[in-house]
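A.B. asks: Let the sequences and hints guide you as you build the complete structure.
As a plain string of letters, each chain reads:
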Amino acid sequence: MSTHKFQLSKELAEHFSDGLVQINESEHGVTCTIPVESWTEVAKLLRDEEAFAFEQCMDLCGVDYLTYGESEWQTDDVTSTGFSRGVQGKGPGRFSWSERRSEAMENRFAVVAQLLSVKHNRRLTIKCFAPDEGMLMVPSLIEVWPGVNWFEREAFDLYGIIFKGHPDLRRILTDYGFIGHPFRKDFPLIGNVEVIYDEDQGRVVYQPVSIEPRVLVPKTIRRDSRYAENMNDQEAS
Amino acid sequence: MAEIKNYTMNFGPQHPAAHGVLRLILELDGEVVEHADPHVGLLHRATEKLAESKPYNQSIGYMDRLDYVSMMCNEHAYVRAIEQLLNIEVPIRAQYIRTMFDEITRIRNHLMWIGTHGLDLGAMALFLYAFREREHCMDMYEAVSGARMHATYYRPGGVYRDLPDQMPQYAESKWTKGKDLAYVNEWREGSLLDFIEAFANDFPKKVDEYRTLLQDNRIWKQRTVGIGVVSPEQAKAWGFSGPMLRGSGVAWDLRKKQTYAAYDKVDFDIPVGVNGDCYDRYLVRMEEMNQSARIVRQCVEWLKNNPGPVMVDEYKVAPPSREMMKEDMESMIHHFKLFTEGYTVPAGEVYAAVEAPKGEFGVFLISDDSNKPFRLKLRAPGFAHLSAMNDMVKGHMLADVVAVIGTMDIVFGEIDR
Chain A
1 MSTHKFQLSK ELAEHFSDGL VQINESEHGV TCTIPVESWT EVAKLLRDEE AFAFEQCMDL
61 CGVDYLTYGE SEWQTDDVTS TGFSRGVQGK GPGRFSWSER RSEAMENRFA VVAQLLSVKH
121 NRRLTIKCFA PDEGMLMVPS LIEVWPGVNW FEREAFDLYG IIFKGHPDLR RILTDYGFIG
181 HPFRKDFPLI GNVEVIYDED QGRVVYQPVS IEPRVLVPKT IRRDSRYAEN MNDQEAS
Chain B
1001 MAEIKNYTMN FGPQHPAAHG VLRLILELDG EVVEHADPHV GLLHRATEKL AESKPYNQSI
1061 GYMDRLDYVS MMCNEHAYVR AIEQLLNIEV PIRAQYIRTM FDEITRIRNH LMWIGTHGLD
1121 LGAMALFLYA FREREHCMDM YEAVSGARMH ATYYRPGGVY RDLPDQMPQY AESKWTKGKD
1181 LAYVNEWREG SLLDFIEAFA NDFPKKVDEY RTLLQDNRIW KQRTVGIGVV SPEQAKAWGF
1241 SGPMLRGSGV AWDLRKKQTY AAYDKVDFDI PVGVNGDCYD RYLVRMEEMN QSARIVRQCV
1301 EWLKNNPGPV MVDEYKVAPP SREMMKEDME SMIHHFKLFT EGYTVPAGEV YAAVEAPKGE
1361 FGVFLISDDS NKPFRLKLRA PGFAHLSAMN DMVKGHMLAD VVAVIGTMDI VFGEIDR
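So the sequence lines, in the order shown, correspond to chains A and B.
Mapped onto my numbering, the consecutive letters of the first sequence carry residue numbers 1 to 237.
Mapped onto my numbering, the consecutive letters of the second sequence carry residue numbers 1001 to 1417.
No lab work stands behind these hints: they were computed from the structure.
Virtual Cβ for every residue (Gly too), placed ideally from N, Cα, C.
One or more of the hints may lead you astray.
Covered stretches of chain A, going by a simulated chain B footprint (3 or more residues, C-beta under 8 Å) [said to hold, decoys possible]:
| # | segment |
| --- | --- |
| 1 | 28 to 42 |
| 2 | 45 to 57 |
| 3 | 68 to 74 |
| 4 | 117 to 126 |
| 5 | 181 to 190 |
| 6 | 193 to 200 |
Example chain A residues on the side facing chain B (calculated, C-beta under 8 Å, incomplete) [what the hints assert, rightly or not]:
| # | residue |
| --- | --- |
| 7 | V63 |
| 8 | V112 |
| 9 | I142 |
| 10 | L169 |
| 11 | G177 |
| 12 | I221 |
C.D. replies: As C-alpha cells, then:
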C-alpha cells in the first residue's frame, strides 16, 4: 500500500509540474491542494487521465479552520502552583448566539473531496480553499461526478459555501427556513432557536433557546514525545 | 376533452414504506413518476458537530446511532480513523473479534433489510422469520457488550473486553418452562463462541428457507426484476458502493480490495450481480449473508484456539486494569485522566473507510493535536444512494418507488446524521 502511495504522488508530481497543485504525501494517504481557479479542470483530468482514472467521488465536505490549534486550557506552562484552572477558549459549545466571535481569517473554509479509483484501487484526497470575498464561491464538481450533488448541497447548508454551476443548491439537512450555517465554528452548539408547541396559538412556534452553553471537558493540546515530528514542522513554519 | 395535468403527491414522512422519515415529493403523470424529490434531514442530530465538543472516546456511542441497524461497522470506521492517526497496531485477537462482529452485524442488517423489503412488497411472513434469527444476533451483542443494539464495544486500540465464557441462559418463567425452556437454551450451554458457532452452522439453512419464500415467487419477481436498473457506469458516477455497486456487476469490496482487520486471513467470496436491477441486488445480499456466516465460522475457530490480549498495550489510549487501579495510585490517576480529559491525537487528516453492510462507510477526521476531533465527517453510503433516487425511479410506476426504497436499504440514522 505504501508503495502505491509513493507511486501516486510521483505520478501526480509529474503531471502537475507547474507547482500550482500542492501534493502532500503522508502515511495516511495523498492529498492534493488545488487552487480554486483550476478546481474543476484538475478534477476532470483526474477522472479522465488513464494513469489516475478516479471514476468515483465518494465524499465531499466543507471544513471550517477557525480555532484550528487553539486550546481552551493552557497546560504547557507549569508554575509552582500547578496548571491554570481557568478555561478560556471559545470552542463551539462554549458561547451562545449573542457571544459568537466575528473575525476574518485567511483560508478559513475548505472543500475536501475523497476520490476513489476502482480501476487502480487507489484513493486520493483533493482539497481547495474557498476565497472569502463576502461570498464563498467554489465551482461545482457536478459535471465531473454527478454523485456529488447532495454532498455539495450539504456543504452549502452546513458551511454556506456556494457551488457555482450547481443546478439545485437548496438546504438539505436543516429545517425549512433555517437561518445560519450550523457547522461553522462560530455557530453555537446550542443553536439559536428552539421549537415549542404554543397552546394559545395552537401551533408550533420558534423562540430563542432557553438552555445555557455547557461543555464538561476543555479542549487541551498536549504535545509529548510522540509529536516530536509535528512540533519541528510547526516551529519551522 | 378534459385536460389532464400532472399532480404532486407527498409520500411520507409518516409512511410505513418510507423506512423512517423520508419525505418524497412525487410528481406523477397518472401512476408514472415524472420526478421524485426526496427531502431528508428530518432526523438530523448534527452528530459531527457534537463530536467536535467531546473527547474522542465519548463519541463512539454516537456512531452506533448513525446506521442503527449496523452498529458495530460504524464504530469500526471511527476507531480505525483514530488508530491510523495515533499509529497504533491492534492486537490480532481484537482484529478477529472485530471481523466476526462486523459479519454478525452484516447478517443483522441484511435480515432487517430482507424483512422490511419483503414486507413493503407484500411478503408478510418473511418479516417474522427474519426477525427470529435477528434476535439471536441481538443476544450476541448483549452477551458481549451488555446492550442489544447500541453496543459501544469497539475502542481505539482494540475492543472493550474479551468474549464472555458463559452465554446467558433463559430462566424458567410462567411461559417458558419444560420443553420450551430446553429449546430456547439449546445453544446456550457453553460460551458465547459456542453459541455463535451453533448459529453460524444453522444459518445457511435459514437463508434457504427465505429463498423458498422469495426466489421463484412470481409476485416477488414481478415486483423486482427489471425495476430500478443501474448500469455500472451510472453506479460509479453516482458514488454507489456496497451491494448497490456490486448488484450492477462491479466487483468491488473493500474487505478484499483495501483489506482491514482480519479479512485477509479468512476465505470468502464476493457475489456480483449482472443486470443491476432490484432482483440482482436481492440475490447479492442473500449470498452475502451466507458468506458472512462462513467468515464467522472461521473466526470462531481461530478465536477458540488463540487466546490473547484484546486491547493494545499502550497506556496513552488503554485504561489500566481494574486490579491495578485498586492498589496503585498512579493507575487511578491514569484512569481518571483518560476518562475525563481523554487522550490527544497527533495532528493530521485521515480518511478511513470500512465495508459496512450498506456500502462504504467512511470517516474523514481532522485532528489538531488536541483531545477532541477538530472536524469529523461521516460518509454514509445511504446518502449517496438516496441522492440518485430521482434518476432511479423516473418513468417507473408509483408502486415501484417502494421497491427502489427497499432495495437501497435506507436507514435515516446515517443519511441525516
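A.B. asks: Interface hint check: A/I142, Cβ to nearest Cβ on chain B, cutoff 8 Å. Holds or violated?
C.D. replies: At 11 Å from the nearest chain B Cβ, A/I142 fails the 8 Å test, so the hint is violated.
A.B. asks: Counting residues of the segment 28 to 42 of chain A whose CB is closer than 8 Å to a CB in chain B, do you get three or more?
C.D. replies: Since three or more residues must qualify, the claim that chain B covers the segment 28 to 42 of chain A holds, with 3 doing so at under 8 Å.
A.B. asks: Checking hints one by one. Is A/V112 an interface residue toward chain B, by the C-beta closer than 8 Å rule?
C.D. replies: With a minimum Cβ separation of about 7 Å from chain B (threshold 8 Å), the hint on A/V112 holds.
A.B. asks: Counting residues of the segment 45 to 57 of chain A with a beta carbon closer than 8 Å to any beta carbon of chain B, are there 3 or more?
C.D. replies: With 3 residues in contact (Cβ-Cβ under 8 Å with chain B), the coverage given for the segment 45 to 57 of chain A holds.
A.B. asks: Next item in the hint list is A/V63. Is there a CB on chain B closer than 8 Å to its CB?
C.D. replies: holds, 5 Å
A.B. asks: Quick check: the segment 181 to 190 of chain A, covered by chain B? Criterion 3+ residues, Cβ under 8 Å.
C.D. replies: Coverage by chain B holds for the segment 181 to 190 of chain A (3 residues, Cβ < 8 Å).
A.B. asks: Does the interface hint hold: is A/I221 within less than 8 Å of chain B, judged Cβ to Cβ?
C.D. replies: holds, 5 Å
A.B. asks: Given A/L169 as an interface hint, is the shortest Cβ-Cβ distance to chain B below 8 Å?
C.D. replies: This hint is violated: A/L169 lies away from chain B, its Cβ roughly 14 Å from the closest one there, beyond 8 Å.
A.B. asks: Cut-off 8 Å, C-beta pairs, minimum 3 residues; does the coverage of the segment 193 to 200 of chain A by chain B stand?
C.D. replies: violated (count 0)
A.B. asks: Taking a Cβ-Cβ distance under 8 Å as contact, does the segment 117 to 126 of chain A have three or more residues in contact with chain B?
C.D. replies: It holds, with 4 qualifying residues against the three required.
A.B. asks: Verify the interface restraint on A/G177: the C-beta must sit less than 8 Å from at least one C-beta of chain B.
C.D. replies: violated, 12 Å
A.B. asks: Are there three or more residues in the segment 68 to 74 of chain A whose C-beta lies closer than 8 Å to some C-beta of chain B?
C.D. replies: The restraint on the segment 68 to 74 of chain A holds, since 3 of its residues have a Cβ under 8 Å from chain B and three suffice.
The structure is inconsistent with the numbered hints 6, 9, 10 and 11, although it conforms to all the rest.
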